[in-house]
Amino acid sequence: MTERSIMVSMQHVHKRFGPKHVLFDVNLRFERGGFVSLVGPSGCGKSTLLYMILGTLKPTAGVVLVGGALVQGLSRNRGIVYQHYSLFPHLTVLENVAFGRMLDATSIPFRVLRPFAWRALRKRHLDEARDLLTHVGLGDPQTLQCYPHQLSGGMRQRVAIAQAMIMKPSVLLLDEPFGALDQATRESLQRMILQLHADNERARAEGRQDDIVTVVLVTHEIDEAILLADKVVGVSQYWNWREQGYDRCPGATVVYSKPAPIFKPDHEAQHSAFVEQRQEIIRAAMDETVLQPPEMYRTFWKGDAPTARGAA
Amino acid sequence: MIRAPISDRQRIALGVAAVAAILVAYTVVAHVRHLDNAADRIVPTWTQLWAGIVRITTLDPDDHVRYIVADSSATGLRFLLGFGISVIASFVIGVAMGCFRRVRALLLPALSALARIPPTAVTAVIMAMVGTGMTFFQFAIAFGVFPILAESICLAVDDVPDELIQKSYTLGASQGEVIGNVIVPQILPKVLDAIRLQIGPALVYLISAELLAADMGFGYRIRRFGRLAQMDIVFPYLAALAVFGLVVTAAFAWIRVKRCPWYQPTKEGA
Ligand SMILES: Nc1ncnc2c1ncn2[C@@H]1O[C@H](COP(=O)(O)OP(=O)(O)OP(=O)(O)O)[C@@H](O)[C@H]1O
Ligand SMILES: [Mg+2]
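These protein sequence lines are chains A and B, in that order.
Using this note's numbering, the final residue of the first sequence is 1008, and nothing's skipped along the way.
Using this note's numbering, the final residue of the second sequence is 264, and nothing's skipped along the way.
Simulated from the structure, these hints should not be mistaken for lab results.
Take every hint as true, because none was put in to throw you off.
The list that follows gives simulated cross-link-like pairs (lysine to aspartate or glutamate, DMTMM-like), each with its CA atoms no further than 20 Å apart: (1) 184(B) x 156(B); (2) 864(A) x 727(A); (3) 754(A) x 156(B); (4) 864(A) x 823(A); (5) 252(B) x 791(A); (6) 864(A) x 902(A); (7) 954(A) x 972(A); (8) 754(A) x 157(B); (9) 864(A) x 895(A).
Required output: the full structure, derived from the provided sequences and hints.
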């Protein structure tokens, strides 16, 4: 693997909120076009880690690189889907998805001073949004004109993913996007995420490098993490920090990092295939009685292993 | 039972009953008073009220104006300018305070303090400082309306979730677009509601300023005929004020429903 194929990289990242130590010496490298799921106990800092990639939080120490460049604030190249507040309430479904194209491609002076050019462009944006929504299973003309409050939670998250994807971001970040959904809805959205794998593959085959998206998904469902991702990363405060000379937990760190089998959409996922990996993830990240060296379950990247400790 | 629903017919009938009861009680009181003194104008009979209405709508032989027309245009213009300027100013300042922490730190404490002073108590001060021209009425309205409205618009901006603002930036928005395309459209229904709720107070401040210093307008006319105990003139003026207040309030409620079909007052966010 060459350096060029690394999309997201975190090197010796520490994060504290005041006296509170949240993340400790996180080292991660995500491949371009890869699907990573982040799992860990509640409150361990999964969202914090994600927001440092997004750019709304700064690491206390260490560096976060996306596409080789230091993350500095928000960017149109990194899309986000939140669990709540995922859509703009004052825009219809179609307008929500076209919104990014409008903001990205035009400016307020352009829209005010060149109304005819803007109207022509607007039509193109709406067509693009309609195509993308059809692709995620929301092509029904009536749905397109709905406001977010008229949609079910599952539809809202579909729209939110389309809204982020219309930007063709290089990184798509999802923070427990299906956390509030019932099981059936969750499964249909998981199939939609798996569809992104296929889209990536097609883009790669057709040489459309800019259309390849790297996905980072935060979830508390281990099965979901294994099913959707080609790499599962476990973050946890349950590691043997006492044996490493700390008298209080210096924060959560990467305790698990392994590839996961890739499932094709519509391929019935075999639950039994997960069981072994599932047990391993639980031992590594979720079980507070098992405190092992964090490198124990990290096999994917040699580079993920920390080289210097306590850098902050 | 508390909050048990009632039928539309029942609801309307009860509302009409209350109004009818007031009218009947008024008629009785007026009748009884006129048994003692047929010339009583403190509780005028319906006939006297009608005569009053005719008087204010016909050309007055001494003053050469139709009272209601002259007063409506004087008070209306003052209200329009005073309230309009207050609304525009508080919108700009309120949004600026909601978006920029420095503006907020600079202005919010001062505005909160100003908002605690009863505006009608300040009317005399304003009169001493700016005289009794149009500026006087504008200040009288603005002093009461501006601090409250600016503060509530600022709070409405606070209610826009951080997530949506951050998401706008990931969609390529500039700072101006975050304000113009994300924040302002989302606070619009709350702003319209806040404006609507300030119409009543704004009328209070304007009328009390007119009671103090004006030679035309609702407040002036009410004071002049009130002193003469001619309620056959005063009551139609009060009714006109009520109708004006109701119509403008309803208009703002209507605009909100038309302009912001997405707004769910009870459900926050999406
Ligand atoms: N802005 C902040 N200020 C102070 N503490 C914070 C802040 N944001 C997060 N924290 C703390 O950091 C820790 C990690 O929070 P984070 O939201 O990243 O956890 P999480 O793994 O996403 O949890 P969950 O599964 O509940 O979403 C928590 O203990 C939280 O209280
Ligand atoms: Mg979280």
